[in-house]
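*Asks:* The primary structure of each chain is shown beneath.
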Amino acid sequence: MEIDEDRSDFEKDEEEDDDSVSDLLRDRFRLSAISIAEYEAAKRNGMEISQPIVACIADLAFKYIGQLAKDLELFAHHAGRKSVTMADVIVSAHRNEHLAASLRSFRDELKAKEPQCERKRKKVPRKDDKAIEGIVHIPDL
Amino acid sequence: MDKKRRKVKIEEQNQINSAMDDHETPVLEPIWTRKAQEREGIDFHQTDAMDSEVVAGTSKKIRPTFANPNALKLSCELVRIFITEAVQRAATVAEGEGGAKVEAIHLERILPQLLLDF
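Chains as they are written, first to last, in the numbering used here: chain A, 238 to 378; chain B, 730 to 847.
Just so you know, these hints were derived from the structure itself, not from any lab. Using N, Cα and C, we set each Cβ at its ideal position, and we do this for glycine too. Any given hint could be a false lead.
Each pair of labels, with its calculated beta carbon distance range [unchecked claim]:
(1) B:Glu-826 / A:His-315: 43 to 53 Å
(2) B:Glu-826 / A:Asp-246: 47 to 57 Å
(3) B:Glu-837 / A:Gly-283: 19 to 29 Å
(4) A:Asp-264 / B:Leu-844: 16 to 26 Å
(5) B:Gly-828 / A:Ala-349: 11 to 21 Å
(6) B:Gly-825 / A:Pro-289: 36 to 46 Å
(7) B:Gln-842 / A:Lys-280: 16 to 26 Å
(8) A:Arg-281 / B:Leu-844: 17 to 27 Å
(9) B:Gly-827 / A:Asp-246: 51 to 61 Å
(10) B:Gly-825 / A:Asp-246: 47 to 57 Å
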């Protein structure tokens, strides 16, 4: 009984810490989400968004990130890896083809920006893979 | 346990998103990459947290998951697109109605399709 109580106290403390950390993160994330939303709204002929809506979107995005994190961890674990790579992120966007395509182009841009002193024996420009990408899912990293 | 998993992923995302705010090419990326890499040490736990409890809490961080910096950037872009889509779709609905402000009712209309798309 005592052991259980100790453990539950410990867990409670941890959970409280987790809660406070996650609240902090949620707040910080909300700031960024708000500024992104305001910018996007202004882009459309200066439309305004009401504050509660922006807060809703921010919370929604926060929950979405939570789900995404879980998914990415599962994908990486499923592939027998310990780290989440770009391929995992692209797979997590599989539901929407346009989304996956825009992520792939973003990834290619990132790769192109990287300095030429990259990895092992492979050739540096891997833009040829873009065509193959749709058919064979090559884990790049 | 789920919260632990989310914990650091979000820490990183936040760094990223504050960089993404500029919306121009993320110039602040190098900064947050470094920060994110520091935090990656604290990354999320495995679902085998149950096992770690059984082992009397000695191996709490039995197998922390890490994230590639590029993967981080990419997932940040994903989240940014999410928010952008939400706002743009709601604004489209609002414009269609002739209003000048995006209200809850506009968000309501686009929500199901948005969630299905993401």
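*Asks:* Which numbered hints are broken by the structure, listed smallest first?
*Replies:* 5, 6
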